[in-house]
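Trainee: Since the structure of chain A is already known, use the hints to place chain B on it.
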Amino acid sequence: SQTIHQWPATLVQPVGSPLSLECTVEGTSNPNLYWYRQAAGRGLQLLFYSVGIGQISSEVPQNLSASRPQDRQFILSSKKLLLSDSGFYLCAWSVGMVQYFGPGTRLTVT
Amino acid sequence: GQQLNQSPQSMFIQEGEDVSMNCTSSSIFNTWLWYKQDPGEGPVLLIALYKAGELTSNGRLTAQFGITRKDSFLNISASIPSDVGIYFCAGPERTSGTYKYIFGTGTRLKVLA
Numbered sequence: 178s179q180t181i182h183q184w185p186a187t188l189v190q191p192v193g194s195p196l197s198l199e200c201t202v203e204g205t206s207n208p209n210l211y212w213y214r215q216a217a218g219r220g221l222q223l224l225f226y227s228v229g230i231g232q233i234s235s236e237v238p239q240n241l242s243a244s245r246p247q248d249r250q251f252i253l254s255s256k257k258l259l260l261s262d263s264g265f266y267l268c269a270w271s272v273g274m275v276q277y278f279g280p281g282t283r284l285t286v287t
Numbered sequence: 002g003q004q005l006n007q008s009p010q011s012m013f014i015q016e017g018e019d020v021s022m023n024c025t026s027s028s029i030f031n032t033w034l035w036y037k038q039d040p041g042e043g044p045v046l047l048i049a050l051y052k053a054g055e056l057t058s059n060g061r062l063t064a065q066f067g068i069t070r071k072d073s074f075l076n077i078s079a080s081i082p083s084d085v086g087i088y089f090c091a092g093p094e095r096t097s098g099t100y101k102y103i104f105g106t107g108t109r110l111k112v113l114a
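Residue numbers (our numbering), protein chains in the order written: chain A, 178 to 287; chain B, 2 to 114.
Hints were generated in silico from the structure; no laboratory data involved. Keep in mind that this is a model prediction, so the values were computed, not measured. Ideal Cβ positions, reconstructed from N, Cα and C, are used throughout, including at glycine. Check before you lean on any hint, since a few could be wrong.
Listed below are several chain A residues computed to face chain B (Cβ distance under 10 Å; list not exhaustive) [said to hold, decoys possible]: (1) 220; (2) 230; (3) 232; (4) 234; (5) 239; (6) 262; (7) 264; (8) 265; (9) 271; (10) 274; (11) 277.
Below, a list of computed lysine-lysine pairs in the DSSO-like style, where the Cα atoms sit at most 30 Å apart [claimed, not checked]: (12) B/101 / B/71; (13) B/111 / B/71; (14) B/71 / B/52; (15) B/101 / A/256; (16) B/101 / A/257; (17) B/52 / B/101.
In isolation and in its complexed conformation, chain B is listed as follows:
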């Protein structure tokens, strides 16, 4: 089945640093979704992107929908300890009457105070 390749798999950064992660696909998506999951909780939607080239911000987070529609990027500026967690990208794939969602393998972020 289709897969999303997410990188890096994990990263340790110092508090205050900027973070970049990306997600690539072998096929085109019409929407890209970025989620954050804290330990023991469900993923929370951070940003949804609907159009190739779109750049959308949510506080210190900025995400971009790649021009080729096969990739997306998430940046976090001035990281803080609560940014720790796993970040997932996802794209909807049309199926009978609904969408199934293809998820990346996740980027585990650890912030050193």
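Isolated chain A (complex conformation):
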């Protein structure tokens, strides 16, 4: 069966520090991968998606970037975090029309 992992689960970082969040999927090949951000009590905002290694589409211009170095690995990065980058970051994968989410990373920028 397929599983999706995200780490770390929680992260507290100072403003101006770099960020790297990792997502890996097991049990499937060539998945479409997604990064979302969810503000407290709010809906899901799509940040990036990828249909294959090295292929990244950005939905919202901002302080973040994404990379897909391997088929089942998706990384979300920032060179310098802003306070507004705080939130709950969700990785997701899809095959066909159904999407599945990871457990999320809670990022607090102080």
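Mentor: Just chain B, lined up with the frame of chain A:
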């Protein structure tokens, strides 16, 4: 961009009551997805609907794909405390080589014991 309108936004119900929520769109979807999100966790897929008029159950949950393909409904029967959470509807939108997913604003459910 396209939006999904979900209602109600929130609801308080007594344990044992049935719950109904719906999701409407200004355009057609070929698939409807329903998720539940517990606090601090990722959304979990509850039900996927693939065909207009389809009625699908998952335990106490039943979801329907509207005939017009512009709406979907989720019902929870005999609610229990663990049904608390936020319920999202979603529909895939075809884009270059993949799908992007349009999400509803969520229905926050609170169950009073």
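Trainee: Could you check the structure against the hints above and give me the numbers of any it violates, in ascending order?
Mentor: As far as the earlier hints go, 2, 5, 6 and 7 are violated by this structure, in ascending order.
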